[in-house]
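Chains as they are written, first to last, in the working numbering: chain R, 261 to 617; chain L, 15 to 440; chain Z, 1240 to 1773; chain P, 341 to 602.
What the hints contain is simulated information worked out from the structure, not anything from laboratory work.
Nothing here was measured: the structure is a model prediction, and the numbers come from that model.
Be aware that one or more of the hints could be misleading.
[Unchecked claim] Below, a list of computed lysine-lysine pairs in the DSS-like style, where the Cα atoms sit at most 30 Å apart:
| # | chain 1 | residue 1 | chain 2 | residue 2 |
| --- | --- | --- | --- | --- |
| 1 | L | Lys-237 | Z | Lys-1398 |
| 2 | P | Lys-375 | Z | Lys-1758 |
| 3 | L | Lys-409 | L | Lys-80 |
| 4 | Z | Lys-1298 | L | Lys-183 |
| 5 | Z | Lys-1328 | L | Lys-306 |
| 6 | L | Lys-237 | L | Lys-183 |
| 7 | P | Lys-445 | R | Lys-413 |
| 8 | Z | Lys-1530 | L | Lys-306 |
| 9 | Z | Lys-1298 | L | Lys-306 |
| 10 | L | Lys-268 | Z | Lys-1530 |
| 11 | L | Lys-325 | Z | Lys-1758 |
| 12 | L | Lys-290 | L | Lys-322 |
| 13 | L | Lys-268 | R | Lys-373 |
| 14 | Z | Lys-1386 | L | Lys-237 |
| 15 | Z | Lys-1386 | Z | Lys-1398 |
| 16 | L | Lys-209 | R | Lys-373 |
| 17 | L | Lys-409 | Z | Lys-1328 |
| 18 | L | Lys-212 | Z | Lys-1443 |
| 19 | L | Lys-427 | R | Lys-449 |
| 20 | L | Lys-268 | Z | Lys-1758 |
| 21 | L | Lys-322 | L | Lys-87 |
| 22 | Z | Lys-1443 | L | Lys-268 |
| 23 | L | Lys-183 | Z | Lys-1530 |
| 24 | L | Lys-268 | Z | Lys-1298 |
| 25 | L | Lys-290 | L | Lys-409 |
| 26 | Z | Lys-1530 | L | Lys-290 |
| 27 | Z | Lys-1530 | L | Lys-322 |
| 28 | L | Lys-212 | R | Lys-449 |
| 29 | L | Lys-314 | L | Lys-212 |
| 30 | L | Lys-290 | Z | Lys-1443 |
| 31 | L | Lys-430 | L | Lys-80 |
| 32 | L | Lys-411 | Z | Lys-1268 |
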Amino acid sequence: MTRLYGSRGWIALAAFSAALLIVVPLLALAVPAGNPFHLSEYWVSLAGKFLCYAIVALAMDLVWGYAGILSLGHGLFFALGGYAMGMYLMRQIGLDGVYHRPLPDFMVFLDWKAYPWYWSFTDHFLYAAALVVLVPGLLAFVFGWFAFRSRIKGVYFSIITQALTYAAMLLFFRNETGFGGNNGFTDFKRILGFPIATLDMRVVLYALSAAALLGTLLLGRWLVTSKFGRVLAAIRDAEQRVMFCGYDTGHYKLFVWTLSAVLCGIAGALYVPQVGIINPSEMSPANSIEVAIWVAVGGRGTLAGAVIGAALVNGAKSFFTQEFPDIWLYFLGLLFILVTLFMPRGVMGLLGRRKAA
Amino acid sequence: MKRRTFVKGLTLGAATAAGGLAAPAIWAKSKTVKVGVLHSLSGTMAISETVLKDVDLMTFEEINRKGGVMGHKIEPVVVDPASNWPLFAEKARQLLTVDKVAAVFGCWTSVSRKSVLPVFEELNGLLYYPVQYEGEELSYNVFYTGAAPNQQAIPAVEYLMSEDGGGAKRFFLLGTDYVYPRTTNKILRYFLHSKGVKDSDIAEVYTPFGHSDYQTIVANIKKFAAGGRTAVVSTINGDSNVPFYKELGNQGLKATDIPVVAFSVGEEELRGVDTKPLVGQLAAWNYFMSIKNPVNAAWKKEWAAYTKRKKLPYADKPLTNDPMEASYIGIHMWKQAVEKAGTFNVDKVIAAMGGQQFKAPDGFTIEMDPHNHHLHKPVYVGQVRADGQFDVVWKTKGPIKAQPWSPYLPEDKGKKDYPEKMTKKS
Amino acid sequence: MRGLVLTLLLALAAFAPPALALDAGVVHKLAFGESSSEKIAAVNALVESGDEQAEPLLKALLAGNVQTSGERVLIVRGDAGIDAVTGEKVSPLPADADNVVLNNRVRGVLDAAVSALRLVSRDRDTRLEAARDLADDPRAAALPIVKKALAKETDAEVKGVLEIVAASIELRAGAEAERLAAIRTLAGSGNPKTETLLLPLVAKKADGSWAEPDAAIRAAAQASLADVRGRLAWGERIGLLFAGLSLGSILMIAALGLAITYGLMGVINMAHGELIMIGAYATYAVQNLFKAYAPAAFDWYLLAAVPAAFLVSGAVGMILERTVIRWLYGRPLETLLATWGISLVLIQAVRSLFGAQNVQVDNPSWMSGGVQALPNLVLPYNRIAIIFFAAAVVAGVWLLLSRTRLGLFVRGVTQNRAMASCVGVPTARVDTWAFGLGCAIAGLAGCAVSQVGNVGPALGQGYIVDSFMVVVLGGVGQLAGTVYAGVGLGLVNKLLESWSGAVLAKIAVLVFIIVFIQKRPQGLFALKGRAVEA
Amino acid sequence: MSDASVGHLVEQRLDATHGVVLYLDGISVSFDGFKALNALSLAIDAGELRCVIGPNGAGKTTMMDVITGKTRPDAGTAFFGQAIDLSRLTEAEIAQAGIGRKFQKPTIFEQHSVFENLELAMKADKRVRSTLFARLDSEARDRIAAMIERVGLAGAADRVAGLLSHGQKQWLEIGMLLMQEPRLLLLDEPVAGMSDHETERTAELFLTLAGRHSLVVVEHDMAFIASIARKVTVLNEGSVLAEGPLEAVQNDPRVIEVYLGR
């Protein structure tokens, strides 16, 4: 039971990794444009975007599927990671902004003369990278510390996470907050000195996202197959009993909650350079609810399901918004309704692969 | 197991591609050209943008009826970026790389434009942006057919200060908290300073998106107005206007005491408002539906007919407004430019755009500036009528040149009046 | 400008002039004049002429009922017109008839002219209104006519206002005694404008010397200013309270339905906002029916709209319960996902049916405008109406749940489903009805918000988060809690907004909710004890 | 995550020298006015097997809630041994200190296998970090296997616990308690829903446990009580009504009044 996967699992995973890390880059770089097998930048960046979403879905599955904590605020941690990376990318624009000033354009237009304190050092990549992990992590830790200590459970917890992300969204909408207000950050020029808008850079970012996804998948798998994972599942099913067994359930929840937030932050950081914009609408409650829906569609408590769900829902979205721009919401809405009604265990349930936790 | 995940993702991708390519088989008919329409049909911005999508389609139809562009039939590719800014970027990239459209007509909010801008510059695409905006931007790949601040805000405030406008001495700048109101109000503040208005006589207030409770703010306006002849300059974003105006009316603020001039309120925005209490309130645009001239009459007729034919939801009350006119102009100027350049090649078309002229519904033959990618437009100040239309109470002599870089802003000093062509990657 | 008008009025009030036909030239200038000044001159000329024909023409102008056809100037009534010069009837209106457009300046002058005329009107309310208009903008020239009116005035309130007007005029010109008297009178005023009248008297010049040399007057002004400010402050405080109450009642009524579907039945109904929206659209539909078939009764369309909204949303709710929700009982988080899907579908459905634009919902005339509670405080009728409506709905729901059989069943089923079904309660049907009820109440909320906000497909999205906050804060399953939480949040929000601005206020409120839930994880009105953990 | 460790420190300090393992003094608890416990005082000796009976609502379960930290008393003190003030510890710490509890309704981890249920309950360092890297050594496996035997679930080790019969669930839960190696076991209606045979075996088990552990058994099944009882405490309206040997209690008029008078 301590093995991560059975042999078939390993084979599948290997094939999956190969597809992600070798086939796609090859199709994109080696195969000449015009060739039907060539993957254009559009597809690469689209796939990259999906991978980031998949990471968020995994993070969500850890807290919801295993620990039974439904967060309606994961979009916040995702966005925070994105903003941390965005700050670095803004710094990288240097003097190439519209106003050719050392400050980002939005600060120039707010008549700010210098960077506010919380922007300091963000021009160092490593510091920014640290922020990507620390900011969502710390926020989640503090929030979770109080929430779990006062035994907030179930829907109450969900609702206050929603309140949290909603409040953060309003805060970031304010221009005075110093994160570009409604527009957020955009028009990035380069990362680590390399121009950002090139096919090569896209493939690199894509590959990083793929690696991150695989890493998250293995980490998650390791967690849920460990005793820790079994305790989590036990908390989900009978928290009282776990307490009377001598486990401080609060600490377990706090740990997985914080970890999940950090994963979201990393996903956000990979997401921003690929889509080229980060702004407060990422924090809107609706986005966070969608994350939950990805997981539900794929199948809760099965890490693979989260990945499937994210790919499926977002794939459907991209497809419908172009094929049926006027009525695509019907399809999406019905998808959610039907899945919850007829596939309570999501796609994985259909595939009959759901192990008991 | 996981393999399937990805296969799923990719098959969907493939499907999308197929969809893109297959869509009314372009390769079969040779004499067609694809153009993109990039307006939100769902989400918060659908309220404003859906109608632009329809007016675009109508214009394409009209052009096709008259033989298309250089004999090419226009084939619109409509996508829904769903008021989701990253999705705007994704869709723009798709239109340019997958559908290979010759030009894109779209965007409303500044943030959506900012989000697609890098894509258009990277792939050297061509975007026509039909909405009045804050300026402070001038991209080689974009043509701005809406008003720059000096084509809307400044003339309107000058009017308010004039004797006819009520000789306002104090100004309450009220807006939704995003870049357009912020920049506009900033420019206005400098402008008012230049007219000798003191900061103590200027109030600047912002509300969040979708703000719907204006009780406190209207009360504050009253208080502020006690200090002397006051005018309110509203840059409130579309959806919040109804509650604001209802509150104004109900708290008994009359246009004769405290005139409100709005830059984002047109015929469409008033569609949802009971306008009786608003009679006399002001709006500044480059076009009003009520303008009387043959071109406008014909255009309005065409639109009404189109909405009927397509059974559009608003067919019973077909309205035209400024951004619709701007879209209409943009499409026609693109057609003319293509025909002048004799090709759909973006660089050649851009070169040919400068100096294009078009007899517009606003009653003037307006011209695309030879350099700065903006139109020369007339400015009208309209007064709300009980039926939700506007009476023009003031207008400029003729079209005025756009100043994307405001002469009033210190940071714009020394800005060139033509796009600094970005370093295109080979 | 107005000054001139008024002096002329004074003249005409002094000696009744013989009636003569309107001067065609003047009327022509009034209608076709190039500049505003020209038109204003014409207005004055008309007043000067003292012709009783002047008043109807001026009033028609203000109301925008004057049109021109060729050289003729017509006062329009319905589809007929009267030639302003000859007075002959023209019917039907000529095709080329075109409105006479006035800008705000000319309208202002017209206002003053007409209100001055109204100052000597027979109707008391007209006089009061006219007096108030003058109080907003007192001109020296008006003094004589005001004095005249004062002499004749019998009504106390009108008299009071006129005295203020007179005082504020005498304040500027006049001997010390008069000015002191004036200042004292002004102390009684609650008009925001008086503050600005008095301020200059206590202001210092740039060189630090007093603008007002006379110390006595300065002192008096100080005192009066204090009084006036005190009175204004009250207006503001009350206004703030009212605003909070109004917002609170809206939050409360929006959340009430959710308190049933979610609070009692445990369905995390993400489509709640859309049911509010449906209620609003139902109101819109009813309104249009009235416009089309019973324009006379338009003012009372809400009487029909309320039940309509109630039934439509309720029906939709029951259908949803039958088709979707009932399969998800006991799985609250699943209901969240399904209802989210439902909300997407509903939004798109409305968009396809009514279009993406907002639709226009008019307030009935008795609901537009407001009551002048204090000189600087107007309470809008529609908000007052909503407060009462909300209260009524709460009372109704309470009665329904506590007094009726359905209510009994609902409480029974929600407390112990198994037991309830054992004692023969038709749980399935009760669920349907209860859910329908919750949705129907959402419909009522929609009907209410259609009177203050805009009605569009996205309407619901604006309320869903707030509604959940209210229900959770109030304590799930506690209708009373929902009421207190709703009103409480409204008040807190408004109080904060008055000094921190809208955005920060909202943020503060959300943070407050988060912190509060830490202290009282079960909300305001929690059931303590063994039941909770079970 | 420090305070999770308190449990362990506490455990070394557990000092039952005076022979008293649990000491409740003047405990009062009330829910919205209703007094669930009213100045309840009770002492359990080391190794004692105490039966607690009483009509519904007498406060039996609330008493257990207080002892296990689920409910905080409004007044009174609860001591585990001489040194450990239960009112200052969390549920987890109390469990760590050596008090195990079995619920009225059997609560086990339905989604987990029998083996996993026992594994999770087994005495170990239960802090997050150590759980993350926890590995089962053979010795531990043997102990689990032995326990599976002992609670009569041989062969069901990999069965999903949710599929067990009611009686089996009761046994599994008892097994989980024993894996915690507690000093004091609180058992709320342990034989409810058990067959007579199972009940007998439970009685035997309890008798063997008594001595090494202290047991507090709450039951309605008088036959079962009779089969195990040495000392019986009768609760009524939140306080001790009578205490002593079964027959003495049974003949106590007040007890009879409480039971028969209603």
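How the hints compare with the structure:
no. : hint                      : in the structure
1   : L:Lys-237 <-> Z:Lys-1398  : 25 Å, holds
2   : P:Lys-375 <-> Z:Lys-1758  : 24 Å, holds
3   : L:Lys-409 <-> L:Lys-80    : 33 Å, violated
4   : Z:Lys-1298 <-> L:Lys-183  : 28 Å, holds
5   : Z:Lys-1328 <-> L:Lys-306  : 28 Å, holds
6   : L:Lys-237 <-> L:Lys-183   : 15 Å, holds
7   : P:Lys-445 <-> R:Lys-413   : 21 Å, holds
8   : Z:Lys-1530 <-> L:Lys-306  : 29 Å, holds
9   : Z:Lys-1298 <-> L:Lys-306  : 27 Å, holds
10  : L:Lys-268 <-> Z:Lys-1530  : 26 Å, holds
11  : L:Lys-325 <-> Z:Lys-1758  : 56 Å, violated
12  : L:Lys-290 <-> L:Lys-322   : 28 Å, holds
13  : L:Lys-268 <-> R:Lys-373   : 41 Å, violated
14  : Z:Lys-1386 <-> L:Lys-237  : 29 Å, holds
15  : Z:Lys-1386 <-> Z:Lys-1398 : 10 Å, holds
16  : L:Lys-209 <-> R:Lys-373   : 26 Å, holds
17  : L:Lys-409 <-> Z:Lys-1328  : 35 Å, violated
18  : L:Lys-212 <-> Z:Lys-1443  : 18 Å, holds
19  : L:Lys-427 <-> R:Lys-449   : 24 Å, holds
20  : L:Lys-268 <-> Z:Lys-1758  : 48 Å, violated
21  : L:Lys-322 <-> L:Lys-87    : 23 Å, holds
22  : Z:Lys-1443 <-> L:Lys-268  : 33 Å, violated
23  : L:Lys-183 <-> Z:Lys-1530  : 42 Å, violated
24  : L:Lys-268 <-> Z:Lys-1298  : 16 Å, holds
25  : L:Lys-290 <-> L:Lys-409   : 24 Å, holds
26  : Z:Lys-1530 <-> L:Lys-290  : 16 Å, holds
27  : Z:Lys-1530 <-> L:Lys-322  : 22 Å, holds
28  : L:Lys-212 <-> R:Lys-449   : 40 Å, violated
29  : L:Lys-314 <-> L:Lys-212   : 44 Å, violated
30  : L:Lys-290 <-> Z:Lys-1443  : 44 Å, violated
31  : L:Lys-430 <-> L:Lys-80    : 39 Å, violated
32  : L:Lys-411 <-> Z:Lys-1268  : 23 Å, holds
Violated hints for the displayed structure, listed by number in ascending order: 3, 11, 13, 17, 20, 22, 23, 28, 29, 30 and 31.
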